[in-house]
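Novice: Required output: the full structure, derived from the provided sequences and hints.
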Amino acid sequence: MAEIKSTMDLVLERAARMGVATPEEMQHEESLKKGMQCTADYLNDAESSLPDILGKQEASQQEAVRKGMLASLLRNLFLPRDEVGTKRIDRAVRGLLELNPHAPDVAAACQELQSIVRQYAQHRQQLYDQLKEQMRMQIEQLLMRKGLSSDGMHIDPTMEPQFKEQWSRLEMDLDRQYGQALEQFKTQLTEWTGA
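According to the numbering used here, the sequence shown is numbered sequentially starting from 912.
None of the hints are false.
With beta-carbon atoms standing in for the labels, derived distance ranges: (1) Gln-1095 with Lys-1057: 44 to 52 Å; (2) Gln-1095 with Glu-940: 23 to 31 Å; (3) Gln-1052 with Asp-1016: 52 to 60 Å; (4) Gln-1045 with Asp-1086: 14 to 22 Å; (5) Asp-1086 with Glu-1023: 13 to 21 Å; (6) Ile-1066 with Pro-1012: 46 to 54 Å; (7) Glu-1094 with Leu-1053: 37 to 45 Å; (8) Ala-1014 with Phe-989: 21 to 29 Å; (9) Arg-1029 with Thr-1098: 18 to 26 Å; (10) Pro-1012 with Arg-1080: 38 to 46 Å; (11) Met-937 with Asp-1086: 36 to 44 Å; (12) Lys-1075 with Gly-996: 16 to 24 Å; (13) Lys-944 with Gly-996: 22 to 30 Å; (14) Ser-1079 with Arg-986: 23 to 31 Å.
Note that these hints are calculated values from the structure, not bench results. For glycine and all other residues, C-beta sits at the position ideal for the given N, C-alpha and C.
Specialist: As structure tokens, then:
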């Protein structure tokens, strides 16, 4: 008589089959990881050229290594908070262009993306300075109402909890606006580069 298996037994058998990767799948994963690691070295200025690194790989693994490189480069496109972040983005864009030298659509998207990043940095600094000045004026007015003078005092409004709260809100709104545009470009670049 045929053995009747429970649903649980069937699910466990299927999960066991799914959990076993073929040697080709494991090699593909290793190649993706290698591409990501090479890109990390490139972004940290340890390597000078992604195409040179790619050319040193086995021909059968180059496509997977390239995909790993592209995935890592795309993950390094973000809204920068400082000069270090901006330099990292510039390096990631340079890497994308190196890996797609004959793709004018990729070049145009990268140029537009860098423009968005620059606008974001300028807009962010402008909002920060405006809020800082606004808070400084409020503190001076408060001191004047209390009959005190702010002459000779160093007023740092950035230390005030109200400043931090308002800046957090402004920054979150700004990140949301620019983040949407950035994600659209990253999606386009993912499609165009085959990442």
